[in-house]
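Single-letter residue listing:
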Amino acid sequence: MVGRGLLTFKTLPSISATGVTAGPLEKKSSFKDKFDKVYDDERCGLETNEHAHAKMMEDACMIALSKIDSLPSDADYLLIGDLVNQMTPSNFCATTMGIPYIGLFSACATSVSSLILAALLTEVGMSEIAIAGAASQHNAIERQFRYPVEYGSQKPATAQWTVTAAGVAAITPHKKGFPSIECATIGCVTDLGMTDPFNMGAAMAPAAADTLTRHLSGHGTSVNDYDVIMTGDLGKTGFELYKKLVANKGIDDTKNFRDAGAEFYGKDPSFLAGASGAGCSAAIYFSEIFEKMKIGKYKRVLLIATGALLSPMSFQQEDTIPCIAHAIELTMK
Amino acid sequence: MDEKKYAKLEQEISPKIPLMKNILKAFLTGGIICLVAQFVALFYMTYFDFTERTASNPTVATMIFFSMLLTGFGLYKKIGQFGGAGSAVPITGFGNAVISAAIEHKSEGYVLGVGSNMFKLAGSVILFGVFSAFVVALIKTILVKLGVVSW
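Line order of the protein sequences matches chains H and E. The numbering used here puts the first residue of the first sequence at 686, with every later residue one more than the last. The numbering used here puts the first residue of the second sequence at 10, with every later residue one more than the last.
Next comes chain H alone, as it looks inside the complex (with noise of 0.2 Å):
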């Protein structure tokens, strides 16, 4: 026990492999080459949007384990969430995967909730392979969160595009040659009152901050020691509030900071302030950031997924939105 919602892994549990899986407009994304499945069909010629949603986290969990020349029956834990009521697409995909399940919803900060829970399991020897991970899909989203994907309304500069993509990790007791998780932090819910959710950034920034600040001080470690820290779907408007409220607690030097959500689309106008969705962290970290440290270009990351806790109906009732991020570093040694 290091303090409050500070966690450490003495035995390293590894990300043996990942999987990740797209939407046919992700083909726009700057990191399109590194998802393992790009589908041309939004619904993956299915019904419904939700069952495309479904499908892919199945997809994703099929390619992870396939890499380690394992089954779902091979499978302990499948820890995994989505932003759709209750969660049905991750609950379908269960359902067919047929792995011991806890569906988990940290919004889209559920990519590092359901890591940390995953090698908090293998930490106390009680799985030998852990499925944890996050997806989101465009339609299925935007239909619940805000209007109808074909209303023609106007989003403003600091409006994020809810991605496609599931990205899902295995994680297993520690191996040689993969990434190894070696402490984590559970995030506070932070709300400094914002209430636009066409400018979830910035209510999300603060959340960031504080588990950055946490962490480090928590783990006795400074910016400088990590080769990159990378937040989840702060946005290009997020990103730049974040590195101010950071600056504001005595960090500057900010040129390790990079921003999944800013950097997914590129500089794409058309996506105006970056990716958002519990899908963009979790396609980006188990794409990008994993590969980097399985090559060594990357020896030891902090990744603070950002997850806004609103729901249609809070927003409405003019509530503000609760904020939430949780870290999580990864080691290469």
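Keep in mind that the hints were calculated from the coordinates and are not lab data. Careful: at least some of the hints might be erroneous.
[To be verified] Examples of chain E residues lying across from chain H (beta carbon under 10 Å, computed):
| # | residue |
| --- | --- |
| 1 | Ile22 |
| 2 | Thr55 |
| 3 | Lys86 |
| 4 | Glu113 |
| 5 | Gly124 |
| 6 | Ser125 |
| 7 | Lys149 |
Quick caveat: nothing in here was measured; it's all calculated off a predicted structure. Heads up, the beta-carbon is just placed ideally off N, CA and C, and yes, glycines get one too.
Assemble chain E onto chain H, guided by the hints.
Relative to the frame of chain H, chain E by itself:
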């Protein structure tokens, strides 16, 4: 950092809404939609037996038909992102609100999906439109009765 300070910082960092540019784009988009509608009205007056007053009904129906096509082909949302209020205020925007909701909820069936969700966005336009028409008509009736204005 407290909420007030953060709100100030957020205002500083977030890109400003380009008001003048948006107004111009809305003017252009709305203007073009109305110009097209004007041609449609002229078409009905020239080739059919409609007067300037009666041509409005078939014109509105035709414009909604165009809006339906554009929504179905995924173009109206692009026009909406460019034009803002310019494409939301004309009848085509109303059509888009109804049609996009209908497309969206087809997966839940025709009764519980399309039927009950079609007016989810446009419903309040109808409700408050009818209500404000009632209030305006009431005021005018009173004024006519008082002899201030005539019908």
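Hint-by-hint comparison with the structure:
Taking 10 Å as the C-beta cut-off, the interface hint given for isoleucine 22(E) holds, the closest approach to chain H being about 5 Å. Interface hint status for threonine 55(E): violated, as the beta-carbon distance to the closest one in chain H is roughly 31 Å, over 10 Å. A distance limit of 10 Å between C-beta atoms decides the matter here; for lysine 86(E) the minimum to chain H is near 5 Å, and the interface restraint holds. Annotation: glutamate 113(E) was flagged as interfacial toward chain H, and the flag holds, the nearest CB pair being 4 Å apart, inside 10 Å.
With 10 Å as the threshold, the beta carbon of glycine 124(E) stays out of range of chain H, its nearest partner Cβ sitting at about 15 Å, so the hint is violated. The beta carbon of serine 125(E) comes no nearer than 14 Å to any beta carbon in chain H, farther than 10 Å, and the hint placing it at the interface is violated. Residue-level restraint check for lysine 149(E) is violated (minimum Cβ-Cβ distance to chain H is 34 Å; threshold 10 Å).
The structure fails to meet hints 2, 5, 6 and 7 from the earlier list, while all remaining hints are met.
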